[in-house]
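Dock chain to chain to rebuild the complex, using the hints, since each chain is given by itself in its own frame.
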Amino acid sequence: MLAFLIRRITQSVIVLLVMSVLVFVGVFYIGNPIDILIAPDASPAEYARAVKELGLDLPLWEQYFIFLKGALHGNFGNSFVYNEPALKIILDRLPATLELAFTAMVMAIFVGIPLGLVAGIQHDNWIGRNIMRFSILGFSLPTFWVGLMLIIIFSVQLNWLPSGGRGETTEFLGMHLSFLTWKGLSYLILPATNLALFKTSLAIRLTRAGVQENLQMDYVKFARAKGLSNTRIIGVHVMKNIMIPVITVLGMELGNLIAFAVVTETIFAWPGMGKLVIDSIGVLDRPIIVAYLLITVTMFIFINLIVDVMYSILDPRVRLGDQR
Amino acid sequence: MKKKLLISFVVMASLMLGASFAMARDLTLGLKGEPTSLDPHFHNVTSNNENSLFIFDRLVNQDYRQKLEPGLAESWTPVNDTTWEFKLRKGVTFHDGSPFTAEDVKFTIERIPNVPNSPSSFTFAVSAITEVEIIDPHTIRVHSEKPSPLMPRNFAAFNIVSKKAAEGMTTEDFNSGKAAIGTGPYKLVEWARGDKIVYERNENYWGKKLPWEKIIVRPISNDGTRVAALKSGDVDLINFVPPADMKHLEKAEGVTLSKSSSTRLIYLHLDSDRDDTPMVTDNDGNKIKNPMKDVRVRKAISKAINREAIASRIMDGLAIPAAQMLPDGYEGTSPNLKPEKYDPAGAKALLAEAGYPDGFRITIHGPNDRYVNDGDIAQAIAQMLTKVGIKTEVNTMPKAVYFGKASALEFSLMLVGWATDTGEHSNCIGSLLHTYDKEKGYGASNRGRYSNPVVDQKMEEALVTVDMEKHNKLLIEAVEIGMGDVGIVPIHYQVNVWGTKKGLSYHGRTDGYTLPYEIQGE
Chain A
1 MLAFLIRRIT
11 QSVIVLLVMS
21 VLVFVGVFYI
31 GNPIDILIAP
41 DASPAEYARA
51 VKELGLDLPL
61 WEQYFIFLKG
71 ALHGNFGNSF
81 VYNEPALKII
91 LDRLPATLEL
101 AFTAMVMAIF
111 VGIPLGLVAG
121 IQHDNWIGRN
131 IMRFSILGFS
141 LPTFWVGLML
151 IIIFSVQLNW
161 LPSGGRGETT
171 EFLGMHLSFL
181 TWKGLSYLIL
191 PATNLALFKT
201 SLAIRLTRAG
211 VQENLQMDYV
221 KFARAKGLSN
231 TRIIGVHVMK
241 NIMIPVITVL
251 GMELGNLIAF
261 AVVTETIFAW
271 PGMGKLVIDS
281 IGVLDRPIIV
291 AYLLITVTMF
301 IFINLIVDVM
311 YSILDPRVRL
321 GDQR
Chain B
1001 MKKKLLISFV
1011 VMASLMLGAS
1021 FAMARDLTLG
1031 LKGEPTSLDP
1041 HFHNVTSNNE
1051 NSLFIFDRLV
1061 NQDYRQKLEP
1071 GLAESWTPVN
1081 DTTWEFKLRK
1091 GVTFHDGSPF
1101 TAEDVKFTIE
1111 RIPNVPNSPS
1121 SFTFAVSAIT
1131 EVEIIDPHTI
1141 RVHSEKPSPL
1151 MPRNFAAFNI
1161 VSKKAAEGMT
1171 TEDFNSGKAA
1181 IGTGPYKLVE
1191 WARGDKIVYE
1201 RNENYWGKKL
1211 PWEKIIVRPI
1221 SNDGTRVAAL
1231 KSGDVDLINF
1241 VPPADMKHLE
1251 KAEGVTLSKS
1261 SSTRLIYLHL
1271 DSDRDDTPMV
1281 TDNDGNKIKN
1291 PMKDVRVRKA
1301 ISKAINREAI
1311 ASRIMDGLAI
1321 PAAQMLPDGY
1331 EGTSPNLKPE
1341 KYDPAGAKAL
1351 LAEAGYPDGF
1361 RITIHGPNDR
1371 YVNDGDIAQA
1381 IAQMLTKVGI
1391 KTEVNTMPKA
1401 VYFGKASALE
1411 FSLMLVGWAT
1421 DTGEHSNCIG
1431 SLLHTYDKEK
1441 GYGASNRGRY
1451 SNPVVDQKME
1461 EALVTVDMEK
1471 HNKLLIEAVE
1481 IGMGDVGIVP
1491 IHYQVNVWGT
1501 KKGLSYHGRT
1511 DGYTLPYEIQ
1521 GE
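Protein chains in written order, with my numbering: chain A, 1 to 324; chain B, 1001 to 1522.
What the hints contain is simulated information worked out from the structure, not anything from laboratory work.
Check before you lean on any hint, since a few could be wrong.
Below are the DSBU-like pairs computed for lysine-lysine, each with C-alpha atoms no more than 35 Å apart in a straight line [stated by the list, open to error]:
{"#": "1", "chain 1": "B", "residue 1": "K1348", "chain 2": "B", "residue 2": "K1338"}
{"#": "2", "chain 1": "A", "residue 1": "K183", "chain 2": "B", "residue 2": "K1214"}
{"#": "3", "chain 1": "B", "residue 1": "K1163", "chain 2": "A", "residue 2": "K52"}
{"#": "4", "chain 1": "B", "residue 1": "K1438", "chain 2": "A", "residue 2": "K52"}
{"#": "5", "chain 1": "B", "residue 1": "K1501", "chain 2": "A", "residue 2": "K183"}
{"#": "6", "chain 1": "B", "residue 1": "K1338", "chain 2": "A", "residue 2": "K88"}
{"#": "7", "chain 1": "B", "residue 1": "K1196", "chain 2": "A", "residue 2": "K183"}
{"#": "8", "chain 1": "A", "residue 1": "K88", "chain 2": "B", "residue 2": "K1163"}
{"#": "9", "chain 1": "B", "residue 1": "K1440", "chain 2": "B", "residue 2": "K1405"}
{"#": "10", "chain 1": "B", "residue 1": "K1251", "chain 2": "A", "residue 2": "K183"}
{"#": "11", "chain 1": "B", "residue 1": "K1440", "chain 2": "A", "residue 2": "K52"}
{"#": "12", "chain 1": "B", "residue 1": "K1032", "chain 2": "A", "residue 2": "K183"}
{"#": "13", "chain 1": "B", "residue 1": "K1348", "chain 2": "B", "residue 2": "K1405"}
{"#": "14", "chain 1": "A", "residue 1": "K52", "chain 2": "B", "residue 2": "K1405"}
{"#": "15", "chain 1": "B", "residue 1": "K1178", "chain 2": "A", "residue 2": "K88"}
{"#": "16", "chain 1": "A", "residue 1": "K52", "chain 2": "B", "residue 2": "K1196"}
{"#": "17", "chain 1": "B", "residue 1": "K1208", "chain 2": "B", "residue 2": "K1501"}
{"#": "18", "chain 1": "B", "residue 1": "K1440", "chain 2": "A", "residue 2": "K183"}
{"#": "19", "chain 1": "B", "residue 1": "K1146", "chain 2": "B", "residue 2": "K1470"}
{"#": "20", "chain 1": "B", "residue 1": "K1214", "chain 2": "A", "residue 2": "K88"}
{"#": "21", "chain 1": "B", "residue 1": "K1178", "chain 2": "A", "residue 2": "K183"}
{"#": "22", "chain 1": "A", "residue 1": "K183", "chain 2": "B", "residue 2": "K1502"}
{"#": "23", "chain 1": "A", "residue 1": "K69", "chain 2": "B", "residue 2": "K1405"}
{"#": "24", "chain 1": "B", "residue 1": "K1067", "chain 2": "B", "residue 2": "K1032"}
{"#": "25", "chain 1": "A", "residue 1": "K52", "chain 2": "B", "residue 2": "K1106"}
{"#": "26", "chain 1": "B", "residue 1": "K1164", "chain 2": "A", "residue 2": "K52"}
{"#": "27", "chain 1": "A", "residue 1": "K52", "chain 2": "B", "residue 2": "K1146"}
{"#": "28", "chain 1": "A", "residue 1": "K88", "chain 2": "B", "residue 2": "K1106"}
{"#": "29", "chain 1": "B", "residue 1": "K1164", "chain 2": "B", "residue 2": "K1208"}
{"#": "30", "chain 1": "B", "residue 1": "K1341", "chain 2": "B", "residue 2": "K1405"}
Just chain B, with the same shape it has in the complex (with noise of 0.2 Å):
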C-alpha cells in the first residue's frame, strides 16, 4: 500500500513538474488565421500583421486599447507643419546582431512602395512622405509636402526591416526566414505553412523579457476545431471563441475565458445617391425613385432596428451596439452621439412623413462567412424593418462574391463590416463618409455613394491641422453631421473573446491581434 502511493506521489510529481517546465519553456497558440507571408510590407491584412509583430517591432506602438506608444522611436514632435523627427532608441540590435539605426528606417520607408505584386500594400502609410532625413544614426526627420498629423500614426502601421538582411531580397525569402530578421521579441524558426509557425525567444530584445522560449503559432480556422484543441490541452490560448461555445466553455474546468471590444464595426450602407437603385420597388414590383436619397427614411430604417436585440440574442451577448464608427473614447470619437433608439412607431412615422405610409420593398445584401454571425444579422435586420413597412427580402452570399458585386454598386441595401487599423475617426471618415472621389483617394469604401460637402471639408482639413486638440475637434464635428445624415447605419461593435488555460491571461486588444507580449503567465 504504502509502496503504491510513493509510487503515484512519484508520478504525480513528475507529471507536475513536467507541465510546470512546458509552462515556462513554450507557450503554443491556436490562431483562426494564418499569415499569407511573413513580408510584412507584403500583404495588408490582420494575420500578416499580427504575426509580423512577434519578429519585428514599429517605429511607435500602439497599446492594447491602440493609443499610441514609444516603440523602436521613443519620441516624435513636430518641428513645424511639415516636418516630424522621431527619436530612434538606441542599443538596439536585429535577431543576426547588426545595430539598428536609421538607415534601417530609411530602407523600410523606400522598401514599402516597391513590393511586387503586392495584393494589398502598405503604401498608404508612406505617400505622404515627400523626404526622410538622417540627422544622425538616430535622428531622423520626415518631410511632407502638406501637415500630416498623422504621420506618428502612420509610423505605427508598418514593421522595420533590416537594411542588412532585407536588401535586394524577394518576399519568398523573407517566406523561407532567410530575409525575416527584425528587432522583435521572437527569432523566425520555421514556417510548416498550414500546419505551424515556430519562433524562438530573442534573448537580446531590447523590451520586457518574456517568460516563453518558444512560441509555436498553429492556424486552426475551424472554429469547433480550435476549441476543441483548447480543451483538450493541446494549445494554451485560442482566439475568436465562437460565441455559440462560450456558455460551455465559461463552466469549463481549467480554462479561463477574457472579452474584449473591438474596432471592428457592423453597419449598413444605403444607396444614398443615385435616382434609380437597383433593388428597391414599391409594393407592387414597380420601379420608384430611390427612397433612400431621403434623409427621413434614412432614419425611419435605423430607428427600426433593435440594435440591443442583436447584440443579446444573436451575437450572445458579444455586440456592442453603436453610435458611431468607433467605440467611444477613441481619438476623434464624438461624446455625444448614442446609439438610436428602437422606435418602431417613430419610424412608421418618418416614412409616412416621407411619402411612403405603406413602405416599399427592398433586398438587403450580406455576405454570410466574413463576420460574426452575417448572415443571421440580414435576417433580424430585414424582419425588423418589414415590421415598419419596408417589405425586406435577404440575399446572402460568400464574401469572394460580395464584394465585388457591392463595390460594382449592384446592391442598395447591404451589410458591411469596418475594423480600421489606425485606432482614430479619420480613417473611417475618409473611407465611409466622405464623397466618393477617386483623385483624391477618399470614399474608397462608401458604397452608399452618401456625400455632404460638409463633412468633405472638415475631414480635409483636419487632416493638415497637427495641433491635435484642433484635429480632433474638427473630426467629430464631421462624424456628427455624418451620422446625423445616417450617412451610414451603424448596427455594433464585435467583442472579441480569448480562451486561455488556467494560469495564462490575455486582457484582449481592440484590433484583435493576440501578441506574445501581452500574455500574462504566472
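Pulled out of the complex, with its shape left as it was, chain A reads as follows (with noise of 0.2 Å):
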C-alpha cells in the first residue's frame, strides 16, 4: 500500500508539470490578456506600462519560471484582474462549487441507486421501464436546457423557489454555506437538482445493469438455495458487488461535478469556480486559469487515488501494491 501511494504520488507530480508547460504555453498562444484588459483609448505609453506592471513584456520561458518558482511557495501569482493571489481568488470560490456539486451527487446516490435497484429487479413491468424512459431524458436533454426549464417552471411561474444566486449562507468550519438554513437551501435546490439530473442516470443505468448480471450469478442462486431473504441477497451480497462499478464511475464523475459545473453555475448566477474560470477565460486572466487547471488536475489525482483505495476494501483481490 505504502510502495503504491509513493509511486502515485511521484506519478503525480510528473503529470502536473506536464500539465504545467502545457497549460501555461496553451494560454500564451490564445492571445494577449492586455489587449482585452486596458481601455481601449489608452495610450500607448499607458498600454507600455500596464504591460510592464503586469510582467507580459517577459519572454514566455521566464514568465513560466517567475510561475513555477511561484507555485512551488504555493504562489500562483496575483490575478491580472483582480490583482489578488488566484489561489484566494479561487479558494474563496470553491465552497460554493464543492457544496453545489455534493449535493447534486448525494441526490445522485440516494435517488439514483434506489431506483436503479428497483428498475433491476422489476425490469420486466411498467416501474422499471418507466425509471429507464426517466433516465434516458435526464441524459440526453442539455444541461442549460434542462437548467432554464427548471427556472421558468419553478421561479417564473410557480414563485416557489428563487432563480439564481446563492442567497444566504451561515459561517460554518471558516466556509460559508447555504444549506444550515432553510433560505439558504432553498437557492441550492434548483441548481443542485440541475446538476444532479445527469448523474442521476447515470448511477440509475449502471446499478440497473450490476443487478440484472448479478441476478444470473451461481451466488445469488446458491444463497437462494441455502434460503436466505431476498432482501438479504440483494441488500447485502448484490449491493457489495454492484458498488464497484458504481463506485468508480461517480469518483470520477463527482471530479467533473467539480471541475464543471459551468453550464449550471452560469445559469443559475451561482458564484462558483466554474462561474469564475469562464469569466477570467474571456478575459484571459492567466494566473487564474492556469491555476484553476492545476487545481483540477491535483483533484482528479486526489479522487482517482480515493477510488482505488476504497475499491480495494471493497474487493480484496484487488492488490493495490501489484498494480503496474
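Here it is in C-alpha cells:
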C-alpha cells in the first residue's frame, strides 16, 4: 500500500509539471490579455506601463519560471483582473462549488441507486420501464435547457424557489455554506437538481445493469438455495458487488461535477469557481486559468487515488501494490 | 364563509403591506457585469465605474446624456489658459464622518498614476496636470503645461477617495471594504464576490435622499437568467435586456421596459494605409494592391451597407444608424453628417470607377461575444458587400483572441465597437481617426491606420483651445473631414434596454450605467 502511494504521488508530480507547461504555453498563445483588459483609448505609453506591470513583456520561458518558482511556494501569482492571489480567489469560490457538487452527488446517489435497484429487479414491468425512460431523458436533455426549464417552471410560473444566486449563507468551519438554513437551501435546490440529473441517470443505469448481471450469477442462486431472504441477498451480497463499478464511475464523476459545473453555475448565477473560470477565460486572466486547471488536475489525481483505495477495501482481491 | 373571507383579506393585506415595506427599504438590481475591484482607480472598465458611483462621488458629474453638472465641485472656471479653479462643495462628509476637503482631491490626483498592477488606469485623466494648488480647504487650482479645455471632463472620469481612509491602502483593502470610504449615496456593507454586493444608505449624503435603505447588486451574466430573475420577482431591475426577449417582456405583466440610446458605436475599420493588406485578393485568389487605400472603394463599402435593415432585423430595432462617432447633440458632433444611404447601384459605380468593376475578395473579421449580435452583424455586412461585388468571407472569434490580432494589424476589414467615457468627440477622433502616433499617444485604437494631417492638426488645436465654442468648431471640422474620407464606416449606436418591476422606472443612461439616484420609485 505504501509503495503504491509513493509511486502514485511521484507520477502525479510529473503529470502536474507537464500539465503546467501545456497550460501555460496554451494560454500564452491564445492572445495577449492586455488587449482586453486595457481601456481601448489608452495611450501607447499607458499600454506599455500596464504590460510591464503585469510582467507580460518578459519572454515566455521567463514568465513560466517565475510562475513555477512561485507555484512551488504555493503562490500562483496575482490575478490580472482582481490583483489578488489567484489561489485565494479560487479558494474563495471553492465552497460554493463543493456544496453544489456534493449536494448533486448526494441526490444522485440517494435517488439513482434505489431507482436503479428497483429497475433492475422489476425490469419487465411498467415501473422498471418508466424508470429507464426517465434515465434516458436525464441523459439526453442538455443541461442548460433543463436549467432554464427549471427556472421557468419553479421560479417564474410557480414562484416557489429563487431563480438564481446563492442567497443567505451561514459561516461554518470558516466556510460560507447555504444548506444550513432553509432560506439558503431554497437557493441550492434548483441548481443542484439540474446538476444531479445526469448523474442520477448514470447511477440508475449502472445499478440496474449490475443488479441484472448479478442476479444471474451462481452465488445468488446458491444463496437462494440456502434459504436466504431476498432482502438480504440483494441488500448485502448483490449490493456489495454492484457498488464497485458504481463507486468508480461516480467517483470520477464527482471530479467532473466539481470541475465542470460551469453550465449550471452560469445559468443559476451560482458564484462558484466554474463561473469564475469562464469569466477569466473571457478576459484571459492567465494566473486564474492556470491555477484553476492545476487545482483541477490535482483534484482528479486525488479522487482517483481514493477510488482505488476504496476499491481495494470493497474487493480484497484487488491488491494495490501489484498494479503496474 | 365570512370567516374565510376575513382570513383571506387579512392575508392579502399583510402580503401587500409586506410588499410595500420591502419596496420602501430594499432594492435588488440584477446587473450583467460584476466589478473586478472596488478600488475606483484600479481598473477603468464599465462595471467598476458603475459600482464605484454607489460609494464615491466625482468632482464633476455627468447627467444621463453625459452633460456635465456639479458634483463635489460646485463650479469650475478657467483662471487663465493653463489653470482651472474648482470650488468644492462645503459640508460634505465621508462615510466615516471625516470632512471632505481639498486635501482629498489632491491626494486622489496623486494616487491615480500610482495604483500598482492596474491593468487599465485613469492616468489619462490626470496626466496633463502639473500642479494641484490648494487655495483654501474648499478651493483648488489645477495647473497644466498646455491649455486643457477638457479638464472638467477629465474630472468627471474619476472618483474622489478619502485621504484619511485610503492613504497607504492597497486595492485589496478597497475590496475588503476597509478603504472603500467615499462621500457617495451608499456605504459598502458586504461584497460576496460573484454573488452580491450589499450597500446601505448614507444618511448624511449631501444630495437627494433616496427611498431605499439597502441596495443589493447581483451580478447575473447569463441573459436568460437575468430576464427570469426579473420575471420571478427576485430582482427589481435588470440592465441589458437582450433584444430577443424584448417582445415577450413588453407583454409580461408587472414589467416595464425603458430604452435609451447609448454612445456605443458599432463601426468598421478598414485598412487604408498599407499597400499590402493581409485579407484581400482578386477574384482568382491572387494578391493585389490594397484597394481600400482608394477613398472611392471605402465609400462604396459604406454605401453597400443597409444600416436600416441591420437595425430593424438583426438588432430588433435596438440600434440607431450612425453617421459619426457620437449620437447627434453631443459636444463636437456635426449637425451636417447624416447616415450614409443604402445605395448598392452607387456602390457598384464607385467600385468600377476605382478600377474594380468585378470587385475583389476580402474577409471581414469580428468578435462573437463582445457586442450585441456582433457575429450576426458581420454576417449581414458580408452578404451586403457580396451583393455589390466584393466577395466577402466572415471570420468571427471570441474577444479574447480577436482584439490581440486586430491590434497586431492582422486583419483588413474588421467590426469593432467604441464607447466614449468622456461624452464628447475629441476622445473618439483622437483614438480612432488621428494618425497612429506612439509618442503623442494618439490613434491608440486606429486599427485601420487611417491618416489625414488636416484631421490631426484640427484635433490637436482643439485640445489646446479653451474657448469651448472654437474648440467644438475645430472638432466638427475634423470629424467632417474624417467621415468624408470614410476613415471609419459607422454602422449604428446600440440602444440599451432596462427592465423594471411595476412601481419603478429608470430612464436609462447613454453610458449604460445603472445608478441608484436615477432610479425612480413611487
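The hints, checked one at a time:
1. B:K1348 - B:K1338: Roughly 21 Å between the alpha carbons, so the hint for K1348 (chain B) and K1338 (chain B) holds.
2. A:K183 - B:K1214: holds (19 Å)
3. B:K1163 - A:K52: holds (28 Å)
4. B:K1438 - A:K52: holds (16 Å)
5. B:K1501 - A:K183: holds (23 Å)
6. B:K1338 - A:K88: violated (52 Å)
7. B:K1196 - A:K183: Given pair K1196 (chain B), K183 (chain A) holds - Cα atoms ~16 Å apart, limit 35 Å.
8. A:K88 - B:K1163: Cα-Cα ~28 Å, so holds.
9. B:K1440 - B:K1405: Measuring from Cα to Cα gives roughly 23 Å; hence the hint holds.
10. B:K1251 - A:K183: holds (31 Å)
11. B:K1440 - A:K52: Holds, at roughly 20 Å.
12. B:K1032 - A:K183: holds (24 Å)
13. B:K1348 - B:K1405: With a Cα-Cα distance of about 31 Å, the restraint between K1348 (chain B) and K1405 (chain B) holds, given a limit of 35 Å.
14. A:K52 - B:K1405: holds (20 Å)
15. B:K1178 - A:K88: Roughly 18 Å between the alpha carbons, so the hint for K1178 (chain B) and K88 (chain A) holds.
16. A:K52 - B:K1196: Answer holds: K52 (chain A) to K1196 (chain B) is near 33 Å, not above 35 Å.
17. B:K1208 - B:K1501: holds (22 Å)
18. B:K1440 - A:K183: violated (57 Å)
19. B:K1146 - B:K1470: holds (17 Å)
20. B:K1214 - A:K88: At roughly 29 Å apart (the allowed maximum being 35 Å), K88 (chain A) and K1214 (chain B) satisfy the hint.
21. B:K1178 - A:K183: holds (29 Å)
22. A:K183 - B:K1502: holds (25 Å)
23. A:K69 - B:K1405: holds (31 Å)
24. B:K1067 - B:K1032: holds (25 Å)
25. A:K52 - B:K1106: Given that 35 Å is the threshold and the Cα spacing comes to 27 Å, the pair holds.
26. B:K1164 - A:K52: holds (30 Å)
27. A:K52 - B:K1146: With Cα atoms ~28 Å apart, K52 (chain A) and K1146 (chain B) stay inside 35 Å; holds.
28. A:K88 - B:K1106: Since the Cα atoms of K88 (chain A) and K1106 (chain B) sit roughly 34 Å apart, the hinted pair holds (cutoff 35 Å).
29. B:K1164 - B:K1208: The given pair, whose Cα atoms are some 25 Å apart, holds under the 35 Å limit.
30. B:K1341 - B:K1405: Measuring from Cα to Cα gives roughly 31 Å; hence the hint holds.
Comparing the model with each earlier hint shows violations of hints 6 and 18; every other hint is respected.
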